[in-house]
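Two chains, two frames, some hints: make the complex.
The listed protein sequences derive, respectively, from chains A and B.
Our numbering numbers the first residue of the first sequence as 1 and each following residue consecutively.
Our numbering numbers the first residue of the second sequence as 289 and each following residue consecutively.
Keep in mind that a hint or two might mislead.
[Said to hold, decoys possible] Computed Cβ-Cβ distance ranges for the label pairs, DEER-style:
no., chain 1, residue 1, chain 2, residue 2, range
1, B, 363, A, 148, 49 to 57 Å
2, B, 343, A, 169, 54 to 62 Å
3, A, 52, B, 453, 41 to 49 Å
4, B, 328, A, 83, 37 to 45 Å
5, A, 32, B, 466, 41 to 49 Å
6, B, 424, A, 218, 55 to 63 Å
7, B, 314, A, 204, 39 to 47 Å
8, B, 494, A, 194, 32 to 40 Å
9, A, 280, B, 291, 22 to 30 Å
I should point out that these hints are in silico values taken from the structure, not numbers from a laboratory.
Cβ coordinates follow ideal geometry from the N, Cα and C atoms, glycine included.
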Amino acid sequence: MIELAPRHKFGLPIASPVMPAAGAFGYGDTYHDLVDLRVLGALVTNPVSLNPREAARGQRIAIHGEHNAGCGFVAHTGLPNPGVQRVLRQQRQIWERLPIPVIVHLIATTPSETARAAERLSGVPNVVGLELGLIDSITVQRALNLLAAAQAEGDLPVIVRVPFGSVDALAPRLAEGGADALTLTAPPRAVLPASAVPEDEAPRHYLRGRLYSPALLPLLLNILARWCSKLPIPVIACGGIASLPDAIACLELGATAIQIDALLWRDPAILQQIAEGLAKFDTSTISE
Amino acid sequence: MVKQQDAVFRQAYPAPPYWVARFDLPHPPGPGGFVLADLGGPLREALFPAAIDANGFAAMLPPRHAATRLLPGATVNMLGPLGQGFRLGDATRLLLVAEAAFLPPLLPLLEAVPAVALVIEAPTRAQLPPPDRFPPAVELTLVTCDGSAGYLGPLESTDPAPANLERVTPRLVELIAWAECACFACASDRYPALAALVRAARIQPAPDFAQALVQVPMPCGVGACEVCRINTRAGEKHACTDGPVFDIARTFAPSL
Numbered sequence: 001m002i003e004l005a006p007r008h009k010f011g012l013p014i015a016s017p018v019m020p021a022a023g024a025f026g027y028g029d030t031y032h033d034l035v036d037l038r039v040l041g042a043l044v045t046n047p048v049s050l051n052p053r054e055a056a057r058g059q060r061i062a063i064h065g066e067h068n069a070g071c072g073f074v075a076h077t078g079l080p081n082p083g084v085q086r087v088l089r090q091q092r093q094i095w096e097r098l099p100i101p102v103i104v105h106l107i108a109t110t111p112s113e114t115a116r117a118a119e120r121l122s123g124v125p126n127v128v129g130l131e132l133g134l135i136d137s138i139t140v141q142r143a144l145n146l147l148a149a150a151q152a153e154g155d156l157p158v159i160v161r162v163p164f165g166s167v168d169a170l171a172p173r174l175a176e177g178g179a180d181a182l183t184l185t186a187p188p189r190a191v192l193p194a195s196a197v198p199e200d201e202a203p204r205h206y207l208r209g210r211l212y213s214p215a216l217l218p219l220l221l222n223i224l225a226r227w228c229s230k231l232p233i234p235v236i237a238c239g240g241i242a243s244l245p246d247a248i249a250c251l252e253l254g255a256t257a258i259q260i261d262a263l264l265w266r267d268p269a270i271l272q273q274i275a276e277g278l279a280k281f282d283t284s285t286i287s288e
Numbered sequence: 289m290v291k292q293q294d295a296v297f298r299q300a301y302p303a304p305p306y307w308v309a310r311f312d313l314p315h316p317p318g319p320g321g322f323v324l325a326d327l328g329g330p331l332r333e334a335l336f337p338a339a340i341d342a343n344g345f346a347a348m349l350p351p352r353h354a355a356t357r358l359l360p361g362a363t364v365n366m367l368g369p370l371g372q373g374f375r376l377g378d379a380t381r382l383l384l385v386a387e388a389a390f391l392p393p394l395l396p397l398l399e400a401v402p403a404v405a406l407v408i409e410a411p412t413r414a415q416l417p418p419p420d421r422f423p424p425a426v427e428l429t430l431v432t433c434d435g436s437a438g439y440l441g442p443l444e445s446t447d448p449a450p451a452n453l454e455r456v457t458p459r460l461v462e463l464i465a466w467a468e469c470a471c472f473a474c475a476s477d478r479y480p481a482l483a484a485l486v487r488a489a490r491i492q493p494a495p496d497f498a499q500a501l502v503q504v505p506m507p508c509g510v511g512a513c514e515v516c517r518i519n520t521r522a523g524e525k526h527a528c529t530d531g532p533v534f535d536i537a538r539t540f541a542p543s544l
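Chain B on its own, in the form it takes in the complex (with noise of 0.2 Å):
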């Protein structure tokens, strides 16, 4: 049931290239789904949790974002919790696959089950998140678009690599088939090659092997405003309702 809830502000804090912003909150969203926040602006804004605990949730933000301005505790009105979130099933081999701008959601799977992989990709080397942030026992796999550091990305490319450069896409491509679930969250125009890449790694995946998180606005989220409505195989869906996150090959894949 979809609820008006009050959440408190508790602290904001940078954690380059984010911000951490921590709320109290009676129901928080789980990963993957998402609370509508009155910040004062005309529209809600969708706060998606990086953190969830039994208290609330925190999210990590651009600076500057409306919540880093709120003084602990300050009220904040939340529509919530909304959307279908991430469904891991049985999975022990989770793979988490972002563009580092997208990838706050994704933060609350790291140990969720006994082995992760993470992907994240970055135009360049400073807007990688730093590696130390992450658990030890995730397996960590950097892409920079232009090289500076890890692999080369972007993450479905399969143009040749220059010399002392090794591509991302193969290792994509294994760590696709070592896992038994795999999330993503990129912009969700990149989803239809992400998918063909995951075609191209499992013949058959099974339902929600593949999840992705389509981040758009979403200013009423109950499916009433049609804004965030994307085109999928069956027809266009809402992101709000029918997602956030939705199984990609089943989604986006190109048609066979």
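Chain A on its own, in the form it takes in the complex (with noise of 0.2 Å):
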């Protein structure tokens, strides 16, 4: 078993380091015609709030290049969901049947509300954990504040998904402010143009959101060369991992275990292919 959080009373073991990340897989048994869920370390839900919230207005997708032919894309979302009462009302026999544990990714608005959310999902049957989703322009004081409100009022480990630049400020805090594991990182700001071609003479218009390309990957393992090494607790490595070779880079430079993130909704079946090369693949080759 994989230990994301040695500090933690209660632990949170795993039994294969791939994971999907929040916002890629659904809350629950979305892929179980695609993906062989046993094959997974754990089910990371997609973004959870206290209270419902709506999806963005307007377009949410932009890809890179012309018809289709670029190498990532920008989706903003709005992080919908229904509020983590109605999500549990919904899944939480899901959750109870599935044969993996679930960690549940929980939007960290303000502290109350974190702790209010984080109350409500302890004691949930196979909820193992919480990953707190930060925005990008988190101070580290309130970064702090709400690792803290989510420990408070739960019992449940916490893992924080980092804003990907934030990491030099964040990371090294959070691991001494008591988190439990982290996800490195959340995908980048960036924007796009809304379409690729120019149309007319109309304003041509553009779209902010989170980027997810797998020319994401050396950024990420430049972070992970920069601090899996100082970090106390296990790093879960997240951003432009799109295979095989992918993964055991990440695991190679100390990172725990790995989340694909948006990238499988091209291929679901990448899950299964990494979780099985890994299975197969000697970790203890692995240098620490």
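As structure tokens, this is what we get:
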């Protein structure tokens, strides 16, 4: 077993280092026709907030390059979700029946809301951990307050998903502040033209959102190389991982586990391929 | 059950203003359903069938679409069939209404029932498909928004028409009253106004009397990504799994 929360009283053991990233895989068994969940370490849910959130208005996705020929895309969904109570009503029984543990990704807004959501998720069968999602412009103190709030009202291990541009500022402080693990990183913010081809004389629109691309992998590896050995807690690598060699590189650079993000929409089977590949791969050869 | 299937690309040829791309596929989607094709880009692309047979389907795509650059015999991985397609029931009189750019997914329905009326709207004459492309039995109504051919659009407009032009809206209301089932394929933001038109022609339309195909980006196809959420009278729905075909009156009509 792989331990994602060695400092926590209950721990967070998972059988495989491969997980879907928050926002990529739904809340429960959405992909059950296409992915054998048993090969995964855990299900990381779509983002959940205390109160319901509606989807962003207007266009929500923009692809780099003309006719889908580019290397990535920007998505801005607004993190729509029905709120923690309704998610629990809809998913509790599904989560209980899943063959893998569930990590709920919590949208950390204010300390009080975070605490109330964490309290409601505490004790839910098969929910073994929380992953806190932070806004990109967050300060160190606010991140620590949100972490403390999540830990104060619940007894679940708390993983913090660190914004792409804030790793240097946040990662060491969150580790000192009691985070059980860190997910490095949330996708970076980016802007793309809303349409690849300009339309007549109309002013061109641009979409601001999160960037998903295999081209992020070298940036992720740079972050892992810089931080994994310095942090006293497990690191979960996320961003641009699209193949077994990518996953192996992340583990070799010190990550304890990996998350596959929106790149799995193109090839859901990649989760299973990477998990099965890593199971055959001799992880003992990975240097400490 | 959603599955990954390997399709074989057969050919692509121009059929202005579209290109036709033909695929062999063991389990093709039905009318209004779709597959997500891996064409090499960062996301799969939704392909709606414009023609379906026992061996596969043909999609009608914009010129220079990635599928038109495939080599015959190429294997294309497809996810699907996906979505809830059109439900015609026992209808014998079918009305099809489309903007020209959104028309292809309605084409498999042209000969689905004995009597079909087709209304196509385009900004101008050059963007209308040639009338001789449709079966002779189909009653065709052409609409242009600049009045360059056929009736004057847009479909839902009630503004008075200039002299020498005839507004399409009364004709559309007549056809809705005539039909036993109506299928729409337009930009999603037009559906509330079109739903109001359906309500004007039919006081209490039966469930699924009028259906609307929502064509928005659907990256995952299974309801995981939240990109394809649409606003409906019953709250937000996923176009990919709850649709992409919706009951227009119950989904988009303004509250009474």
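Could one say that the CB atoms of residue 424/B and residue 218/A fall in the range 55 to 63 Å? 60 Å, holds
For the pair residue 280/A and residue 291/B, does the Cβ-Cβ distance stay inside 22 to 30 Å? 25 Å, holds
Using the Cβ atoms, figure out if residue 328/B sits within 37 to 45 Å of residue 83/A. Between residue 328/B and residue 83/A, where Cβ atoms are some 39 Å apart, the hint holds.
Range agreement (Cβ of residue 148/A with Cβ of residue 363/B, hint 49 to 57 Å): 53 Å, holds
Given the range 41 to 49 Å, decide if the beta-carbon distance of residue 32/A to residue 466/B lies inside it. Given a distance of about 44 Å, which is inside 41 to 49 Å, the answer is holds.
Starting from the range 32 to 40 Å, see whether the pair residue 494/B and residue 194/A falls in it by beta-carbon distance. Holds: the Cβ-Cβ distance is about 39 Å, inside 32 to 40 Å.
Taking 54 to 62 Å as the stated bounds, is the beta-carbon spacing between residue 343/B and residue 169/A within them? 58 Å, holds
Supplied distance hint 41 to 49 Å, evaluated on CB atoms of residue 52/A and residue 453/B: 47 Å, holds
Please test the hint of 39 to 47 Å on the beta carbon pair from residue 314/B and residue 204/A. Since the Cβ atoms of residue 314/B and residue 204/A sit about 42 Å apart, the hinted range of 39 to 47 Å holds.
When each numbered hint is compared with the structure, no violation occurs for any of them.
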